[in-house]
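Engineer: Starting from the known structure of chain A, fit chain B onto it as the hints suggest.
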Amino acid sequence: MRTVIEIEIRLYATLKRYRPELKVGEPLFLNVDEGTTAKRVLEEVLGIPAKVVKTVFVNGIYRDLDHVLADGDRVGIFPPVGGG
Amino acid sequence: MARGYRQDETIIGNGVFAGGEFHMSKDRLQERIRMLAEVEGDIEVISLEQVKVLSSELGLSLKEVELAALEACVLPRRYLRNLGTVGWDGQARLLRSTVAVVGLGGLGGYVVEALARVGVGRLVLIDGDAFVDHNLNRQMFATESNLGSSKVQAAGARVAGINSAVEVVGHAVEATPENLPRLLEGSDVVVDALDRLPTRIMLQEEARRQGIPLVHGAIGGMVGQVMTIFPGDEGLYALYGRGEVPERGIEVELGCPTATPMMVASWQAQEVIKILAGIGEPLRHRLLLIDAEAGIMDVIRPGI
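Going down the list, the protein sequences come from chains A and B. Residues in the first sequence are numbered from 0 upward in steps of one, following numbering that gives the first Met the number 0. Residues in the second sequence are numbered from 0 upward in steps of one, following numbering that gives the first Met the number 0.
Hints were generated in silico from the structure; no laboratory data involved. Don't take each hint at face value.
[Stated by the list, open to error] Here are the in silico distance ranges between beta carbons for each label pair:
hint	chain 1	residue 1	chain 2	residue 2	range
1	B	175	A	48	30 to 40 Å
2	B	296	A	67	21 to 31 Å
3	A	67	B	161	48 to 58 Å
4	A	28	B	152	46 to 56 Å
5	B	161	A	60	36 to 46 Å
[Unchecked claim] Below, simulated EDC-like cross-link-like pairs (lysine to aspartate or glutamate); rule was C-alpha separation at most 16 Å, straight line:
hint	chain 1	residue 1	chain 2	residue 2
6	A	38	A	72
7	A	50	A	63
8	A	22	A	7
9	A	15	A	42
10	A	15	B	252
11	A	22	B	292
12	A	15	A	25
13	B	62	B	48
14	B	62	B	166
15	A	15	B	292
16	A	38	A	63
17	B	62	B	88
18	A	38	A	7
19	A	50	B	243
20	A	50	B	246
Model, not experiment: these values are computed from the prediction. Every residue, glycine too, gets a C-beta built ideally from N, C-alpha and C.
If we strip away everything but chain B, and leave its shape as in the complex, we get:
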């Protein structure tokens, strides 16, 4: 029996994912998954430990095993608390998706944390900075021991620790008009977690050019804003006009205190998950404004 699977391992491990041989292998894999499944409530689940055993035994990535399990209606138990909201199909869509997170500061760190936990299958992380001590007040991946090291590297290590099924592609570079076209290619959603208005507008332009939805978030003080911008939407132009924009906003004066990036990054992550899983209503043509200091939330629409 074990020998038979080793043969399959070669087929799948070589990346032969089409044709009769693959179907046979996948059937066998799914049969194996079903054998290992446990009943939890009214569904069948498979533990992380068993997913890892199958992955190493068959030479498949964890993501491939998880996807095969989902197709066999066996839920990787690590996603059990997602299920009621994202559904079976939504979970599989998340795992098959690629999200580019541009900027790994206050916002980007929490967005990456959330996307790794929910099970987005591939994360493209873009930031040229290294951690400094004034990042420690708010940046999820900044620790006393990694000051001076690359944010992309720290994010990759964190993701590997949270969800090793997630593939991470790190680019320790600053986003520029020259490199963005290549870096964003193949992404299903782009997250704007930058800290300069002109760069944000450049990112919107490139996402639009590639036809990728963009989830914008920005903070300053206890205030934040979130908007989902689909290709062709006015997006940031509705907010700032098409003329010159200031480099920075109120954050120069008010700073970026601890809880504000958590608040806005959570909304950004929700938007990404909604778009990928095909659930809910994105904040499209709507700007969510949160003034936590005043205790006010508003949703603003652009004039026609």
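Extracted from the complex, chain A is given alone in its bound form:
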């Protein structure tokens, strides 16, 4: 049986452009299948190339892109920042 979970996404900095309808700081709520990885949300749902993002953080903890998401997870997606 297919189980759907709800996750909360926050896009930071330049990644906001992938959901231009969101106000600054506004989270995005998504329903995805149980067992979905961060990478799949990134690439298939949000259309963000995985090479742009190295890590995501889930409930305040860094996870790699193979991390399997759970219901209620808060997912932050942050691009590399390198300027000085």
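Structural biologist: The following block gives chain B in isolation, referenced to the frame of chain A:
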């Protein structure tokens, strides 16, 4: 009386800092400091002017006089507003410390400014660049009149103007795997104020090899991040993995606007001061993420 001090001057000036003779000289120096001390609130302080007089009279560096004053429980008044936070011991630790700042751009300039003002005794400054006009929007030491001149030189001049007790060792070279081992040697903390991800990782590697804590900061747009990385911590690897990293990040698109380096460099300076003075909790195993545009700050921890 004055003659007696001139004899001491020779002893101290020759760098004889151990043994009975030194103790006698230091006692005399501290006695002199106490005589010049003024009462401010419930503590004794000594003015910058008097520190300078003693320094030139006795042939000691300003730092040596300031340290002798601190040991005699007389606070150099220039540090009065530090005292409540860093304490007597913390101030002395700061003065005895060496901090290497790698990169003197947006972040490095403000970090150096803060460390000189707080009274870090020795700064090792590393940057091979000269100022160009697009640095003027944000780089603390860039002025219209020093365009084309070395960032290290400008930083040294600025520090001398802010706090002449601070010893500056400038290296007008780009940090490389070949020169970093030598340049970082003897530092108590290293500041990552670079602008390329691979170079930042190289710096983390060398700091780890030498067992020196590293304070990382990076900016792009109105976004910044700060993390303190102790030797053996995952540090930047937790963020970017151990594979290849991009050369640059969002700053390519968003640039480095004026106030962002101030915001992140302030946090970096706080981290350095905390580590050196032995106060507070460093941002260790925690990445501080600041998105000033969204008005959000987050502290992210690495997964185990």
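Engineer: Work down the list of hints and note, for each, if the structure agrees.
Structural biologist: Results of checking the hints against the structure:
{"no.": "1", "hint": "B:175 with A:48: 30 to 40 Å", "verdict": "32 Å, holds"}
{"no.": "2", "hint": "B:296 with A:67: 21 to 31 Å", "verdict": "28 Å, holds"}
{"no.": "3", "hint": "A:67 with B:161: 48 to 58 Å", "verdict": "53 Å, holds"}
{"no.": "4", "hint": "A:28 with B:152: 46 to 56 Å", "verdict": "54 Å, holds"}
{"no.": "5", "hint": "B:161 with A:60: 36 to 46 Å", "verdict": "41 Å, holds"}
{"no.": "6", "hint": "A:38 with A:72", "verdict": "14 Å, holds"}
{"no.": "7", "hint": "A:50 with A:63", "verdict": "12 Å, holds"}
{"no.": "8", "hint": "A:22 with A:7", "verdict": "15 Å, holds"}
{"no.": "9", "hint": "A:15 with A:42", "verdict": "14 Å, holds"}
{"no.": "10", "hint": "A:15 with B:252", "verdict": "13 Å, holds"}
{"no.": "11", "hint": "A:22 with B:292", "verdict": "11 Å, holds"}
{"no.": "12", "hint": "A:15 with A:25", "verdict": "10 Å, holds"}
{"no.": "13", "hint": "B:62 with B:48", "verdict": "13 Å, holds"}
{"no.": "14", "hint": "B:62 with B:166", "verdict": "8 Å, holds"}
{"no.": "15", "hint": "A:15 with B:292", "verdict": "11 Å, holds"}
{"no.": "16", "hint": "A:38 with A:63", "verdict": "9 Å, holds"}
{"no.": "17", "hint": "B:62 with B:88", "verdict": "15 Å, holds"}
{"no.": "18", "hint": "A:38 with A:7", "verdict": "15 Å, holds"}
{"no.": "19", "hint": "A:50 with B:243", "verdict": "11 Å, holds"}
{"no.": "20", "hint": "A:50 with B:246", "verdict": "13 Å, holds"}
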